[in-house]
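Asks: Listed below are the residues making up each chain.
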Amino acid sequence: MGKDFTTALRPAIVMTILFALLLGIVYPLAMTGIGQALFPRAANGSLVEASGKVIGSTVVGQAFTSERYFQTRPSAAGKGYDGLSSSGSNLGPASQALFDRVKPDVAKRRAEGVTGAMPADLVTASASGLDPDLSPASARAQVARVAQVRKMSPAVVARLVEDQVAHPLLGVIGEDRVNVLALNRALDRVGGAR
Amino acid sequence: MTIQGWILILAFVGILLALTKPTGKWLFALYEGRKTPLHNVLGPVERGFYKLSGIDPAAEQGWRRYALHMLLFNAVLMAFTYAILRLQGVLPGNPQGLAGLSPHLAFNTAVSFTTNTNWQSYGGESTMSNLSQMLGLTIHNFLSAATGIALAFALFRGFARREAKTVGNFWADCTRITLYLLLPLCMLYALFLIASGVPQTLAATVDVTTLEGVKQTLAIGPVASQEAIKMLGTNGGGFFNANSAHPFENPTALSNLVQMLSIFVIGFGLTWTFGKAVGNTRQGWAILSAMIILFLAGVAVTYWQEAAGNPVLHHLGVAGGNMEGKEVRFGVAASSLFAVITTAASCGAVNAMHDSFTALGGMIPLFNIQLGEVVIGGVGAGIYGFLLFAILAVFVAGLMVGRTPEYVGKKIEAKEVKLAVLAIAVLPLIILGFTAISAVVTPGLAGPLNKGPHGFSEILYTFTSAVGNNGSAFAGLTANTPYYNGMLGVAMWIGRFFIIVPMLAIAGSLAAKKYVPESAGSFPTTGGLWVGLLVGIVLILGGLTFLPSLALGPIADHLAMIRGQLS
Chain E
14 MGKDFTTALR
24 PAIVMTILFA
34 LLLGIVYPLA
44 MTGIGQALFP
54 RAANGSLVEA
64 SGKVIGSTVV
74 GQAFTSERYF
84 QTRPSAAGKG
94 YDGLSSSGSN
104 LGPASQALFD
114 RVKPDVAKRR
124 AEGVTGAMPA
134 DLVTASASGL
144 DPDLSPASAR
154 AQVARVAQVR
164 KMSPAVVARL
174 VEDQVAHPLL
184 GVIGEDRVNV
194 LALNRALDRV
204 GGAR
Chain R
4 MTIQGWILIL
14 AFVGILLALT
24 KPTGKWLFAL
34 YEGRKTPLHN
44 VLGPVERGFY
54 KLSGIDPAAE
64 QGWRRYALHM
74 LLFNAVLMAF
84 TYAILRLQGV
94 LPGNPQGLAG
104 LSPHLAFNTA
114 VSFTTNTNWQ
124 SYGGESTMSN
134 LSQMLGLTIH
144 NFLSAATGIA
154 LAFALFRGFA
164 RREAKTVGNF
174 WADCTRITLY
184 LLLPLCMLYA
194 LFLIASGVPQ
204 TLAATVDVTT
214 LEGVKQTLAI
224 GPVASQEAIK
234 MLGTNGGGFF
244 NANSAHPFEN
254 PTALSNLVQM
264 LSIFVIGFGL
274 TWTFGKAVGN
284 TRQGWAILSA
294 MIILFLAGVA
304 VTYWQEAAGN
314 PVLHHLGVAG
324 GNMEGKEVRF
334 GVAASSLFAV
344 ITTAASCGAV
354 NAMHDSFTAL
364 GGMIPLFNIQ
374 LGEVVIGGVG
384 AGIYGFLLFA
394 ILAVFVAGLM
404 VGRTPEYVGK
414 KIEAKEVKLA
424 VLAIAVLPLI
434 ILGFTAISAV
444 VTPGLAGPLN
454 KGPHGFSEIL
464 YTFTSAVGNN
474 GSAFAGLTAN
484 TPYYNGMLGV
494 AMWIGRFFII
504 VPMLAIAGSL
514 AAKKYVPESA
524 GSFPTTGGLW
534 VGLLVGIVLI
544 LGGLTFLPSL
554 ALGPIADHLA
564 MIRGQLS
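Line by line, the protein sequences give chains E and R. Following the numbering used here, the numbering of the first sequence begins with 14 at its first residue and continues without gaps. Following the numbering used here, the numbering of the second sequence begins with 4 at its first residue and continues without gaps.
One or more hints might be untrue.
What the hints assert, rightly or not - Here are the computed lysine to aspartate or glutamate pairs in the EDC-like style, where the Cα-Cα straight-line distance is at most 16 Å:
(1) R:Lys516 with R:Glu416
(2) R:Lys414 with R:Glu166
(3) R:Lys168 with R:Glu49
(4) R:Lys218 with E:Glu62
(5) R:Lys517 with R:Glu166
(6) E:Lys66 with R:Glu215
(7) R:Lys454 with E:Glu62
(8) E:Lys121 with E:Glu80
(9) R:Lys516 with R:Glu409
(10) E:Lys164 with E:Asp113
(11) E:Lys66 with R:Glu409
(12) E:Lys164 with E:Glu80
Everything labelled a hint here was simulated from the structure, so no lab data went into it.
Modelling step: build the complete structure from the supplied sequences, incorporating the hints.
Replies: This is how it looks when you write it as structure tokens:
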């Protein structure tokens with residue numbers, strides 16, 4: 014067995030070095046080169062620019078807390094939508110802390126005039142803390158507030174929401190959803206009071 | 004639950020069934036050492052690797068030598084990654100200027116990636132430099148997967164060969180699987196991911212000014228290349244802390260579907276390869292049927308519970324399914340499906356936070372791992388784990404009818420049964436033992452985020468995931484402490500290699516046996532009766548062993564949840 018051990022040691026070490034070069038250096042660098050050449054926008058984070066400034070990414074969520082925007086879901090990423098510390102809340106279903114967090118959020122939405130069933134995603138934290146989307150129901154629930162703050166017609170704001178609803182691929186892959194950044198940019202383009 | 008959700012689930016299984024034979028055939032070519040079309044391109048690389056490391060790929064190894072070479076290779080790889088992680092601060096490819104990892108975290112991570120667990124005690128974007136992700140972690144994603152498949156090949160040879168002393172050559176298996184299966188598939192897969200919106204760049208961060216005028220810094224990096232092998236190799240270690248829930252790892256519902264398919268595709272294919280190797284593909288389909296039954300039962304429970312939602316929040320007027328810890332683009336159906344897939348396989352990637360699942364919805368992922376991740380399972384590890392259960396199943400059937408058990412033409416005798424029991428018993432012993440210790444000692448009790456039964460579930464899930472080499476978590480538990488990093492590192496090592504060595508011993512023992520042709524007295528191992536027996540054995544062993552611990556954790560949690568007793 015001792016001789017076996019020494020004969021096995023050389024391939025173990027050499028193969029580690031060779032595979033490290035191939036899989037750890039050549040493969041990711043090659044993919045970076047090909048990706049940057051073929052899909053430069055996506056490979057760099059699908060960034061959105063407006064008047065020369067990078068204002069966000071189409072795939073990653075950003076915090077909207079202002080009354081005049083459609084607000085994003087609660088986030089457990091850092092202090093909220095922290096792109097350097099993605100995370101869910103990890104609170105269990107019977108957690109007092111979860112109850113204590115959701116209760117005031119529900120009350121706040123009720124105060125804004127949301128009646129009936131409260132859309133679940135509007136008052137729950139996402140898995141990443143960087144969810145870019147809302148369910149259409151959660152966006153619709155905010156139409157009245159946004160229209161009031163911006164002194165716009167609720168019908169116009171509601172129209173914007175419906176225009177932004179994306180549907181599942183082939184009817185089954187994914188869910189109905191609204192990208193919050195895209196919706197709020199559309200909202201800003203239409204305008205309304207500041 | 005919606006019809007749309009069930010169509011997705013059944014379409015998912017349908018697509019995989021269609022891919023089973025083509026994948027199995029490709030794997031069979033590698034198993035046999037036959038040429039594939041890719042040999043024209045990558046053949047020189049393969050031969051170069053052998054030449055430089057002094058390997059004769061045609062030299063057959065007995066099970067002991069096969070095991071020794073596999074273990075040494077894994078030990079060197081682990082030391083390599085440990086060094087990279089410790090030296091991160093002084094190595095290049097670190098635009099964020101991150102410091103080296105602490106010894107206990109580097110140990111935990113090196114073991115974790117070597118054992119195909121990919122437990123994340125660290126938060127990817129805040130701990131790992133781009134070089135560490137590429138050189139320290141991505142290579143393990145390939146090689147731990149290749150090791151798993153190579154080991155499955157060795158066991159297949161044990162069943163298939165007659166009066167043989169050898170089970171193959173570890174280096175040839177490992178190299179061929181990497182070069183002719185994993186690497187080319189991952190290149191295509193990574194391209195698809197980039198096109199979907201997964202970054203692939205050497206930059207580490209990008210600053211944006213949000214519409215509200217706040218500065219947001221987004222972590223990016225060479226994500227797609229790591230993501231591809233993370234899923235295909237059932238590794239599961241995310242580039243980011245939030246893993247496949249992070250929009251940069253899994254940006255669309257379509258990328259999510261492809262990620263789910265890629266967790267299972269090799270596992271499905273290997274059942275066919277097994278059947279082909281032992282000369283009857285129906286043997287493979289029988290195993291796959293038993294796996295799919297267990298899988299769909301798990302999906303049904305989790306989807307049902309998650310769609311039913313959390314009564315505690317319903318009480319506050321919140322409608323519908325449980326969306327805490329879930330992303331809108333995936334919704335309840337695709338999040339439930341992903342959770343069951345990732346734990347049925349030993350993947351451990353998550354697109355939703357299992358910790359925030361309903362009590363019973365989150366129990367299924369836990370139970371899946373406790374069954375030994377043999378429902379499809381990790382690449383290679385799933386099928387060799389399942390074959391251990393098959394050995395016990397024919398043994399039980401043999402006891403019932405009073406005949407020497409046989410399986411696919413080999414007599415199963417006391418030695419194989421003892422080794423199979425040894426391998427299977429390691430799992431509950433370490434999971435329950437380490438959980439029990441952690442539930443009483445102070446550094447263990449410091450871990451859980453949640454209180455009450457759910458806190459116990461967090462500890463139980465943690466050790467289950469580590470020993471099962473899964474890597475998913477009830478992530479509220481703070482695991483980046485010397486206590487947990489150390490305990491989990493040991494648990495992962497035992498969970499991987501204390502199963503592999505007895506399994507290889509079985510391979511060696513079976514290879515040496517004569518072929519016993521099927522006779523009228525043989526128990527048929529292809530029909531419905533056999534499938535039922537397999538399902539029963541897996542459930543009874545898993546169920547009886549772990550039911551008490553589940554009662555203390557998720558079941559108590561469920562009762563608290565429906566009665567509104569918060570903790």
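Asks: All hints, please: hold or fail.
Replies: We went through each hint and held it up to the structure:
1. Between Lys516 of chain R and Glu416 of chain R, the direct Cα distance comes to roughly 11 Å. Compliance with the 16 Å bound is thereby established for this hinted pair.
2. For the hint pairing Lys414 of chain R with Glu166 of chain R, the CA-to-CA distance comes to about 12 Å; that is within 16 Å, so the pair holds.
3. Restraint check for Lys168 of chain R and Glu49 of chain R: the C-alpha separation of about 26 Å exceeds 16 Å, so the hint is violated.
4. Distance check on the hinted pair: Lys218 of chain R and Glu62 of chain E sit about 14 Å apart at the alpha-carbon level, within 16 Å; holds.
5. As the CA atoms of Lys517 of chain R and Glu166 of chain R are separated by approximately 5 Å, the hinted pair is consistent with the 16 Å bound.
6. At roughly 13 Å between alpha-carbon atoms, Lys66 of chain E and Glu215 of chain R fall within 16 Å of each other, so this suggested pair holds.
7. A distance of roughly 45 Å separates the Cα atoms of Lys454 of chain R and Glu62 of chain E; the hinted pair therefore is violated under the 16 Å criterion.
8. Between Lys121 of chain E and Glu80 of chain E the alpha-carbon distance is near 12 Å, which keeps this suggested pair within the 16 Å criterion.
9. Taking the CA atoms of Lys516 of chain R and Glu409 of chain R, the gap is near 11 Å; set against the 16 Å cutoff, the hint holds.
10. Using a Cα cut-off of 16 Å, the hinted pair Lys164 of chain E and Asp113 of chain E is violated, with the two alpha carbons roughly 33 Å apart.
11. Under the criterion of a C-alpha separation no larger than 16 Å, the hint pairing Lys66 of chain E with Glu409 of chain R is inconsistent with the structure, at around 71 Å.
12. Using a Cα cut-off of 16 Å, the hinted pair Lys164 of chain E and Glu80 of chain E holds, with the two alpha carbons roughly 12 Å apart.
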